[in-house]
Amino acid sequence: MTVTEVVLRCLIVLVGFLVLPLLIGQTEHKLMAHMQGRLGPMYAGGFHGWAQLVADGVKFVQKEDVVPSAADKPVFRFAPALALASYLMALAVVPLGPVTWGANVPGSLVWVLAVGGIGTLGTLMAGWSSGNKYSLLGGLRAAAQLISYELPLILSCASFAMAAGSLSLVAIGHAWTPWWLIWQLPGALVFLVAATAELQRPPFDMPVADSELVFGPYTEYTGLRFAFFLLAEYAGIVVMSLLLAVLWLGGWTGPFDHQIGVLWTLLKGFGIALVILWMRMSWPRLREDQLQRIAWLWLVPLALLQIAITAAGVVLMSR
Amino acid sequence: MVGVGAGGLASADMVLNIGPQHPATHGVLRLRITLDGERIRRAEPIVGYMHRGAEKLFEVRDYRQIMVLANRHDWLSAFSNEIGVALTVERMLGMDVPERATWTRTLLAELNRVLNHLMFLGSYPLELGAITPIFYSFREREELQAVMEEISGGRMHYMFSRVGGLRDDLPAGWLGRVAASIAAVRRRLPDLESLLVGNEILRARTRGVGVLSPELIEAYGVSGPIARASGVDVDLRRDRPYLAYAELFAPGGPGRVVVRSAGDCLARLEVLLEQVHVSLDLAQACLDRLAALPAGPVNVKLPKVLKVPEGWDYVATENPLGFNGYYLVSRGDKTPWRLKLRSASFNNVAVLGELLPGTLIADMVAILGSMFFVVGDIDK
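In order, the protein sequence lines correspond to chains A and B.
If you number the first sequence the way our numbering does, the last residue is 944 and the count never jumps.
If you number the second sequence the way our numbering does, the last residue is 1231 and the count never jumps.
The following block holds chain B by itself, in its conformation from the complex (with noise of 0.2 angstroms):
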């Protein structure tokens, strides 16, 4: 039975699960919601329907084949997930990347922020009701995807990243074709932005929704974008930076972190759209930069068994949704002892029992979406 709401009637709550089949959880996240009428009363996420063990596999795997597993928990960050492996083998071998290499690997990383932001940018607005955004953003993901797929071969899962740089090297022409990209999306992008900045419905739907105080951020290690909105002026790339971001988060730099106040669901999509922007100014700062490098080589000449040396490293990079973490123990085999993997979404996730008891359902899919996830990245 539901409950009627009015005082003095008898009512009952009703458990709703929302998943692990649902159109607003992308997959197969569940939550289950303790209903009174349409106001959530107790939220609860369970996870693990997509769990593939992937840290078990990465313990039989060897360091090259462990990238192509890396790259797959977060499929919309597939290029810097790879990153983080090869850091964390580098680190601990170390070992140095030639500066092209460095450089066109941030160039990617950047490439590869954008382009899982645009999916956002459009996937969250199609679970407000607006179904065009979409059709904007894919647009300029399919610009982007382009120059992605011809140096890397893939659309989704690039696996360009090899421990000590690079697969290959960059083909003829492919900086300017990069650049032409960049020129296309910067220049459509307000196509997209016009339908959903100041759009009156979209601010009636997301401002004041899901309001996440820094507290619980700091709580439940909730990391990236969503940090930020809140006021969590926090970002690996400017506080420990690498690759190449040292000097691109440098004073005078392009890169700067993007902050809003309000936490809520509307500061959360105003990041990421500005994100978007700061993200085409690096991917721009890093061409310049490759053009200028003089020819040399993107990766370093590994043995044939490459084994790391006993020991362990922990290192974390700002992946487009929050901190991507890889603590590796190595006994100095040919394969990990253990490569525990920290993801973003899983933290990000988890903040939701505290989000949304008192909200309705229609809020509830405003915040489950503005928390930009993805199930394999929750699951691992």
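Isolated chain A (complex conformation) (with noise of 0.2 angstroms):
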């Protein structure tokens, strides 16, 4: 790989991790509005208020940078360039096509759940450092959100690796067949439900819970700092969506996969992120105990049967 290639490809994916989650978030601001019977943005851009989102950013970028005087300065001005940061490297390793992709690490599955973990630093750094005690009960059910998501997230994650056989994504959608929609069924769902988790989304959006505590970690951050708390969090539905479905539903496998391979993977990435979009706008907040609950009774023991099942699976074909 030349230095330009390098350069190139960091660039396309920097590029993606802009427009991306703008897409995300201007389809959650249109599809909530029909939801509720409304019309959502229609102004900015003209059509259909398709520049909202930019609009949005560019008042972000004018408001004043404050910092309170009771906060941990460095760690809360280092905070949400940190929760960005990991889902920016997260996107460079999964792939879009089977060539295409920023960059291809082995163990790219390994890669992408260590440095999406450290997004949550972020929310935790934030919480502990505004000097707020809004945001630091936030960043503490941020804390104990996360040990009721990450075993089974990587549990599920583990299955699909053990069905092909390989850590890299890229070999992992080559290994793909229909026949895992079946077999893989309960790790997705797993896979699913803890991503909405580690995401803060509905109905686990608990450590920002705008109802409890005010908007919790976030509840000091003003303009770009916040803007990038918010960019972080539509940047992780596109990671984890784009996963999904590169880990489930088969990535750029599809018709005429060999011309439009990579638009199979983002159409499918973006109906699972349609769906976490969908949660938020049809339940209520669950409680932090209450996830607990469902992640050590429910997450977990389904995680492992998945994984036996898969084991199972892998033995008998294997023959």
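Hint data in this document are derived by calculation from the structure and do not stem from the laboratory.
If you're wondering where the values come from, they're calculated on a predicted model, not measured in any experiment.
One or more hints might be untrue.
[As the list claims (entries may be wrong)] Pulled a few chain A residues facing chain B out of the computed Cβ check, cut under 8 angstroms:
#1 Q661
#2 G662
#3 L762
#4 E775
#5 A834
#6 M904
#7 W908
#8 L911
#9 E913
#10 Q915
[Unchecked claim] Covered by chain B, per the in silico footprint, the following chain A stretches (three or more residues, Cβ under 8 angstroms):
#11 817 to 831
#12 835 to 842
Each residue gets a CB set at the ideal place from its N, CA and C atoms; glycine is no exception.
Please dock the two separately framed chains into a single complex, following the hints provided.
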């Protein structure tokens, strides 16, 4: 790989990282509006408010960057960058097609899970450093949540890796067959629930819970730093949706996949993202201890069961 | 410092002020809670941030002007508040109100009750994190607001009541439009209910949470849907009938008192939901009756200076949120010597101090929302 190619790939990943979350955000605006019998953004940019999120970004840039005097200032300033960077690094290794990726590392699945977990650290840092009681409570909730979803998430991913016999996302995509849709269904469900909890999306948005903790760890943030957290949330949806699309829905596999494989990955990922958005519009919020209950009584056993099913399947098929 | 909750580790309680500015307090209620981790040790409601001196202002207004003030303390039950003042003054004057006015007042009071309940059926799920129901409930509110606005000109503070009756006669065709609105709300109400009833998460958040015992209800004077959700079967519309309720709540009539026994947040929500149905039935019955009544006056001619004879009286009405009473003491002037206001939310919120200790912050929001209060009604 030449230097030019590396720079080019980084640039493409960065552009994707900046555009895809906006697409998800705009979809959420519009989908939510129509589900609630209203129009959503209609003015910015002319056609159905397509530029609303760009306008929001411009607005955030203009806002004053306030750092509370009680805050642990360096940590407070650094937290949004950490949250954002983790999903950027994760997105770099998610393959969109058999030869389309930002970087291809041998254990890319491990890499995605590892750097994805760092994002939550940004939330924790924000909660702890803000010098605000609501932020602190939110940060502690995020920490409690981390314990409950991280294990099922990794266990469900382990099942996909076992089925493919590889930790590389590209190899898993190649090994995929339609049979996985049923074979790996419990694991996929566990993944979806755990990913929603990691993203702190409803019904698992207890750390930010606006009606309880004002805005949790992000309460004290303004301007661009606040926008970074929002961007990180939507980038997280993109990463998790694409990841599940590659792991469970076969990524680029589909009709004419030699020509439009990338489109298939994006389409499948978009479908999963819609489900994540839909949950927000339909359901109230759970309580932190209820999530723990779900995680330990349902998700972990289900993920372990999936691993057993996968192991049996792998042994039977290798005969 | 915050307590980490583990035994053996040094931990200290954290004092957290929920409000006066907080998303869950519907305005400016303040709760000073002492936390151990997320568990509430002590909770103290602190009221008065929206005190507007309503009772003192009543003393320097004549009886026509008082109504403008009186419909403002609970801004979600404006018409019911007006009715309370009108009934008090009328009773002290010994005034008879035309039958048409009485039935129209009953109709408007019940529509007002539906509007009030729909508000909480939207805002309560919002506090539990569900963002869609409020748009469904506001769609129905809009439907009913339209007919209320047509008759009174107001969307919140109707000021359609007068001592001795109503401001104006009903516009031509208005009864038909009300019937159409009621039918539309009835038809679409299942949309809202399907988002709430039977939702697993909503049940998990509300069932068994914030259980209020009948003893506490009696001790604190809690009333209205909150009391009935705990099995306290009291409803002034049936027990001390005013307006046309004696007939509506008579055996075989459309009126019935909704009671639940669980006393938790879910029961309180269910009472509200079912009361919407009952109130729509009552409103429909009023409409049928009004259509059958012959044309006639809707108010009584009042003297230029309205003076209430010396004496005192207390009239309580079943407002959407609970008992709303006016204790009027007159010395024969054109203004009251004293007009004490007994508002529902004040008593209903006072019980929070007993209810919250031992619960989590998340439960606190669920309980607070299920007490269905209006801050203006607390602080007056």
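Cross-check of the supplied hints:
no.: 1; hint: Q661; in the structure: holds (4 angstroms)
no.: 2; hint: G662; in the structure: holds (6 angstroms)
no.: 3; hint: L762; in the structure: holds (7 angstroms)
no.: 4; hint: E775; in the structure: violated (20 angstroms)
no.: 5; hint: A834; in the structure: holds (7 angstroms)
no.: 6; hint: M904; in the structure: violated (10 angstroms)
no.: 7; hint: W908; in the structure: holds (5 angstroms)
no.: 8; hint: L911; in the structure: holds (6 angstroms)
no.: 9; hint: E913; in the structure: holds (7 angstroms)
no.: 10; hint: Q915; in the structure: holds (6 angstroms)
no.: 11; hint: 817 to 831; in the structure: holds (count 4)
no.: 12; hint: 835 to 842; in the structure: holds (count 5)
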